[in-house]
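If you want the building blocks of each chain, they are given just below.
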Amino acid sequence: MSSLRVFFALIADTFQEARARWLFGGLFALSTLLILLFLFILQVDVAAGAVSVLGVPSAVRRVYSIQHFVNISYSWVGAGIYVFGTFLAIFASAGLVPSILEPGRIALLLSKPIGRTILLLGRYVGNLLIVILNTIYLVTGVWLIIAYKTNIWEYRFLFAIPIMIFVFAVLLCVVLLVGVVSESAALAVMVPVSLSLLSALLAQHQFMIKLLDSEWSRRLWMGLYWILPKVFDLGKELHYWILIDEPTDWLTPIWTSAVFGIVVLLSSIIIFRKRDY
Amino acid sequence: MSTDYAIEADGLEKIYRARFRGREVKAVSNLTLRVPVGVKYGLLGPNGAGKTTFVKMLLSAVHPTAGSARLFGKDAHFPQSRSPIGYLPENHRFPTYLTGAGMLDFYGALAGLPGHDRQKRIPGMLRLVGLEDWGKVRIKKYSKGMLQRLGLAQALIHHPRLLILDEPTDGVDPAGRREIHEILNRLIAKGVTVFINSHLLSEVESFCEYVAIMRKGKLALEGKISDLLVGTGFTINASRVSAPFLNEIRATGANTLRTAGGVAIQVPTNDHANAVMDKIRAAGGSIDSFAPSGGSLEDLFLRATSERGGD
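Residue numbers (our numbering), protein chains in the order written: chain P, 6 to 282; chain X, 54 to 364.
No false leads were mixed into what you were given.
As a list, the in silico PhoX-like pairs of lysine-lysine whose alpha-carbon atoms are at most 25 angstroms apart:
#	chain 1	residue 1	chain 2	residue 2
1	X	Lys-79	P	Lys-279
2	X	Lys-79	X	Lys-271
3	X	Lys-332	X	Lys-277
4	X	Lys-269	X	Lys-79
5	X	Lys-277	X	Lys-243
6	P	Lys-279	X	Lys-127
Treat the hints as calculated values from the structure; they're not laboratory data.
Computed from a predicted structure; not experimentally measured.
Let the hints inform the model, and build the full structure from the sequences given.
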């Protein structure tokens, strides 16, 4: 009971800190801005079969049905939100771990009858909850606007919520590890963002292994592809899932990324438990 | 588990290793110390003596390289051993986004207090440290002295049995300092043990009953201040005394101080002095001098921290 109380206190503290640093408000303000953007730029007249963005009629209506065009819009908007939301969440979260490691703050926290694992996990879960709330708000808001304007309620779009949360949960493990090791907020942004960009490059493995001339470089490429989180692959799968309702392979990028996240999270806990403050 | 000691440290040692150069720095070396329950205990020492590292080892913020520490008989390594502890760190950095009452609520929760208990205790705690009108104000508006008093309230909210205070009156004006001492004295009357880590000799001399002086990571002197200061005791200067044997002598109630030539041992009575001298001789040590002792804490501090001694 006492551990649970401590855990909730740590989560509530993360929320309070995020609010005080304008991270909470900032996240929701930027998400609202994006939602409003969609509200104004997307104009659809289903009755007339016309689609326009900012009042400019689309030529695609001659080629595709309105349903298909809306699906294309949904899938690209989904991909855009996936990138925007994930990076935004990383930027917002990066400072929350190093802030508790400041001398004078960590010593007091550690003097309380709480284990270091609970302390770190409290921060992790608090941070994750903030992003979960924002992701639900952002994705649902955009979905409602597209659906209201097109009258096509594509529920697959909402699948972006669990995927974005999952990807962020994995990347937050990296934020945690970098934060614990370096105590630097800047580095805690750079590393997960770099990993995300690298995942786009590594995902081109079928093309790259043809280009690479040595066996060890091909193995290295594939090794990195399998070890690192598949942020790009999951975004791509989401895009196709919304577009054509036929994902090629959800399972592999999910389980490999989950294993990566668990290993990184455990490493941060072990390092945090061993460090002197 | 009942015990006579609030703090027990046995052979505590902390070695910091530079990450890439492989250099080692011994911050605390073979430190053995006992703090009885219900006393006011002061820890003194120059900068870099290892005082803060020692305190952090007690709180498990720093992991000892060797030795062990116990709080009320429980291994300090376990989080539950810190339940009866209230701690005020030096150079604290309280979350500035919280109000005074919010901060007490947060740290009270971390100490394991249920919500209704915290809500009942917070107004009383703020009143106790003279901040009753400031509870709803964000602490970034607080002065240094106010933060210090709020820090004390945070250390007290769960009714601890041991208070560990790092420079408790730092930044506090003389009137505030007196108020803090009065609060601490009231706690002492209730059986709370107060352990103060301070660089203020006058504070330790006027407030504490016991003192330990650290120098270069080692315990240079330890004992009851009244015994150390009044000229009723005796000082034995001895040489060729080993560190384990010195611990044995300390266990008889004698205070010890490393000196350039060996060790100065202070005992309260003539009989005690004779018994210690017999032990030293039996162990192969040598008695260099024997005389009545006296002086001020400042004298003692300067002797303990400036003389070149060593094991």
